[in-house]
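Asker: Each chain, written out:
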Amino acid sequence: MSEVIKSTVAEFNITYTQFLDESGKPSQDLPSIAKDFDKLIKLYRFMVFLRAFDTKAINLQRTGKLGTYAAILGQEAVGTVIGELMQKEDILAPAYREYGIQLQRGMKIQDILNFWGGDERGNNFANPHDFSMCVPIASQCLHAAGAAKAVQIRKEKRVVVAVCGDGATSEGDFYEAMNVAGTWKLPLVFIVCNNQWAISVPRHVQSAAGTLAQKAIAAGIPSEQVDGNDVIAMHEVVEQALDRARNGDGPYVIEAITYRLHDHTTADDATRYRSQEEVDQAWQREPIKRIHNYLVANNKWNDDLETKLQEEMKAHVAEELEGYFNMPKPKATDMFEHMYETLPDALLEQYEIVSQG
Amino acid sequence: MPEITLVEAVTQALAYEMGADNNVVVFGEDIALNGGVFRATDGLHAKFGDDRVFDTPLAENLIAGITVGMAAQGLKPVAEFQFMGFIYPGFNQIVCHAARMRNRTRGRLSCPAVFRAPYGGGIRAPEHHSESTEALFAHIPGLRVVIPSSPARAYGLLLAAIRDPDPVMFLEPKRIYRHVKQDVPDNGEALPLDTAFVLREGNDITLVTWGAMIKETLAVADQLTNEGLSVEVIDVATVKPLDMDTILQSIAKTGRCVIIQEAVKTCSVGSEIAANIAEKGLFDLHAPVKRVTGFDTTMPYFKLEYDYIPSEARIKQAVMETLEY
Ligand SMILES: Cc1ncc(C[n+]2csc(CCOP(=O)(O)OP(=O)(O)O)c2C)c(N)n1
Ligand SMILES: [Mg+2]
Numbered sequence: 076m077s078e079v080i081k082s083t084v085a086e087f088n089i090t091y092t093q094f095l096d097e098s099g100k101p102s103q104d105l106p107s108i109a110k111d112f113d114k115l116i117k118l119y120r121f122m123v124f125l126r127a128f129d130t131k132a133i134n135l136q137r138t139g140k141l142g143t144y145a146a147i148l149g150q151e152a153v154g155t156v157i158g159e160l161m162q163k164e165d166i167l168a169p170a171y172r173e174y175g176i177q178l179q180r181g182m183k184i185q186d187i188l189n190f191w192g193g194d195e196r197g198n199n200f201a202n203p204h205d206f207s208m209c210v211p212i213a214s215q216c217l218h219a220a221g222a223a224k225a226v227q228i229r230k231e232k233r234v235v236v237a238v239c240g241d242g243a244t245s246e247g248d249f250y251e252a253m254n255v256a257g258t259w260k261l262p263l264v265f266i267v268c269n270n271q272w273a274i275s276v277p278r279h280v281q282s283a284a285g286t287l288a289q290k291a292i293a294a295g296i297p298s299e300q301v302d303g304n305d306v307i308a309m310h311e312v313v314e315q316a317l318d319r320a321r322n323g324d325g326p327y328v329i330e331a332i333t334y335r336l337h338d339h340t341t342a343d344d345a346t347r348y349r350s351q352e353e354v355d356q357a358w359q360r361e362p363i364k365r366i367h368n369y370l371v372a373n374n375k376w377n378d379d380l381e382t383k384l385q386e387e388m389k390a391h392v393a394e395e396l397e398g399y400f401n402m403p404k405p406k407a408t409d410m411f412e413h414m415y416e417t418l419p420d421a422l423l424e425q426y427e428i429v430s431q432g
Numbered sequence: 003m004p005e006i007t008l009v010e011a012v013t014q015a016l017a018y019e020m021g022a023d024n025n026v027v028v029f030g031e032d033i034a035l036n037g038g039v040f041r042a043t044d045g046l047h048a049k050f051g052d053d054r055v056f057d058t059p060l061a062e063n064l065i066a067g068i069t070v071g072m073a074a075q076g077l078k079p080v081a082e083f084q085f086m087g088f089i090y091p092g093f094n095q096i097v098c099h100a101a102r103m104r105n106r107t108r109g110r111l112s113c114p115a116v117f118r119a120p121y122g123g124g125i126r127a128p129e130h131h132s133e134s135t136e137a138l139f140a141h142i143p144g145l146r147v148v149i150p151s152s153p154a155r156a157y158g159l160l161l162a163a164i165r166d167p168d169p170v171m172f173l174e175p176k177r178i179y180r181h182v183k184q185d186v187p188d189n190g191e192a193l194p195l196d197t198a199f200v201l202r203e204g205n206d207i208t209l210v211t212w213g214a215m216i217k218e219t220l221a222v223a224d225q226l227t228n229e230g231l232s233v234e235v236i237d238v239a240t241v242k243p244l245d246m247d248t249i250l251q252s253i254a255k256t257g258r259c260v261i262i263q264e265a266v267k268t269c270s271v272g273s274e275i276a277a278n279i280a281e282k283g284l285f286d287l288h289a290p291v292k293r294v295t296g297f298d299t300t301m302p303y304f305k306l307e308y309d310y311i312p313s314e315a316r317i318k319q320a321v322m323e324t325l326e327y
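If you read the protein sequences in the order shown, they are chains A and B.
Just add 75 to wherever you are in the first sequence, counting from 1, and you've got my numbering.
Just add 2 to wherever you are in the second sequence, counting from 1, and you've got my numbering.
Please keep in mind that the hints were generated in silico from the structure rather than gathered at the bench.
Treat the hints loosely; a few may be bogus.
[As the list claims (entries may be wrong)] Beyond 12 Å from chain A on every Cβ pair, some chain B residues (computed):
#1 PHE56
#2 ARG106
#3 PRO302
[Stated by the list, open to error] Label-pair distances were calculated between CB atoms; the ranges are:
#4 ASP420(A) / PHE297(B): 30 to 36 Å
#5 PRO405(A) / HIS141(B): 20 to 26 Å
#6 GLU424(A) / CYS269(B): 20 to 26 Å
#7 ALA85(A) / ASP32(B): 57 to 63 Å
#8 ALA289(B) / THR258(A): 43 to 49 Å
#9 THR258(A) / CYS269(B): 55 to 61 Å
#10 LYS232(A) / VAL182(B): 47 to 53 Å
#11 ASN88(A) / PHE93(B): 34 to 40 Å
Quick reminder that beta carbons are idealized off the backbone N, C-alpha and C, glycines included.
All chains should be built: construct the whole structure from the sequences, respecting the hints.
Answerer: What follows is the structure in structure tokens.
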């Protein structure tokens, strides 16, 4: 029998971009952003601020002053760059670990702490259109698609950014959102923050796909992988995706490779499922030290500046805690206030019971 | 003015509101060129174009999720689910997001959306095309569940649902999509939500129902009227939140009540109405409240669907038992 002839009808490849290696040394020719030291220092300062906040928030939880909190330790570069590049009028549909973006888009430390402190008022932050933190995994991807459709119908030059985790890419919502974004050519950029873990489930258990970026191929969307701990690489890749979407060239999927250095949340104990050795190795790749080393190597940063910055950011975080600590408990009737625009008559009796205490 | 059916009244309301408000967009499966499998969106695509009337990929969770996204960004989306039996993939988005967006953000974002779905049995359809699961949605704080039972109410209530600033499940009893025709002026006048409609006034007994069961209930009411009884018939219309005042006022007058629903009996809207009557109208009653419902079985394939759906005979028997109690 002769061999069956099968012709190739589709092929794909997924690229990975890194400019700074683990130690902060260039791993290839650097793009122009790498010489924009004002910008890099700005991003660096923000990442240090994020880590100071993150450390404080974990501490607040440990001392009983905050509910469960999801740390961003080790993932600071991803949010920092996305927040830097999004325009004010763009729309963010985040999961629950995107403070790096949100703190650049109107959300305050106090809002984040209110959210994790059991108070809906944390979601009433100073941004008229961004979605609030989304807990049902991946479901925000569809809100992003709907928002992008609204933007498209109104012919606005805005981009919607959906951010989700590696675990989220197993959910139908993620696939459905990519699929519709592709067929409708929506101004929507998906950023998968692949921190290697979905609570205790490692990346390889989520999927046999070699990359998460390649999931976009089936939806007809271009995609790529990027070193999510490399500020410069993130900046290059995210900027291009946002520009494309803004110019009407449609959606994009970016898989940002990073690592969750902390437990999943403060309610989790990661020692049950991953080795210290793995975590130690991941610390070698963390984003803040990397850009720090690059700045120092270019004589743009030194120990003096570092000491001052650390103090400044701790003080900055401490200042913002006041608002959280001084927040009065919501009134019990607040449960009813926003169920509907106008409270239906059928709920008045229950409202009365609560208002009388 | 030509008389129109319930499904035509749905189309008329959609067309009216799309003309009046540019933010209204209509989408779903097969709703654009095809006009929907029941033709509820017939002609809308031709009139309003691709940007406002569009087919989605075949994914109900997607339909529900993008509805939430569009509504939060200022559009007034009206999503069609082809059949209520296929709405469940979207349940997560409706329950976890549509119903909670306003509350979660303290009013910063909201979900002024309508989720339309034909529901109920009686059209000899295949499996999953015939259930009445309004109670699943009525259970959820933050949602409204509205069910029209005549062309005029389909028109007026759908307009109200689209204009409402909160999410509305608009469930269309497809068994009576084309049952009666009515003169429904296309004047853009909405009917009130959260309000039950007294269709017949009477003093001897109150029949409470909604959706397609209006058909059998009114038929029984007619028979009883011919037999000299005075029967009050209430169309609940908005099953969440419930207008118990109208029902309780009626019971204060009649002292007797039969609730008729197509849905299964347990944990149903009828259960909720009966519980409210027990809480607030007990001493007005001359007889126990009776419920005539679908059985607590899986909706049978269509050979038995009329054995499942409450018949005029079952309703009449319940009414007689209640009257003679
Ligand atoms: C639909 C849904 N299922 C389960 C959970 C419980 N849960 C919370 S976080 C999480 C893991 C998410 O992993 P990933 O998407 O990688 O995000 P990460 O937490 O790593 O940022 C799970 C299973 C949830 N919130 N939503
Ligand atoms: Mg993860």
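Asker: Determine for every hint whether it applies to the structure shown.
Answerer: Tested hints:
Against chain A, the non-interface label of PHE56(B) is violated: not every CB pair exceeds 12 Å, the least being about 8 Å. ARG106(B), annotated as away from the interface, has a beta carbon of chain A within 12 Å; the closest lies near 5 Å. With a minimum CB-CB distance of about 30 Å to chain A, PRO302(B) clears the 12 Å threshold, and the non-interface call stands. Between ASP420(A) and PHE297(B), the C-beta spacing of about 33 Å keeps the proposed range 30 to 36 Å intact.
Remark: the range hint 20 to 26 Å for PRO405(A) to HIS141(B) is upheld by a beta-carbon distance near 24 Å. Look at GLU424(A) against CYS269(B): about 21 Å separates their beta carbons, and that is inside 20 to 26 Å. Roughly 28 Å separates the CB atoms of ALA85(A) and ASP32(B), a value that falls outside the hinted 57 to 63 Å. Separation of ALA289(B) from THR258(A) is about 58 Å and departs from the stated range, judged on CB atoms against 43 to 49 Å.
Judged by the Cβ atoms, the range 55 to 61 Å given for THR258(A) and CYS269(B) is violated: they are separated by roughly 39 Å. Hint check: LYS232(A) to VAL182(B), Cβ distance near 50 Å, so the stated range 47 to 53 Å holds. The hinted range of 34 to 40 Å is satisfied by ASN88(A) and PHE93(B), whose Cβ atoms lie roughly 38 Å apart.
Going through the hint list in order, the structure does not satisfy hints 1, 2, 7, 8 and 9.
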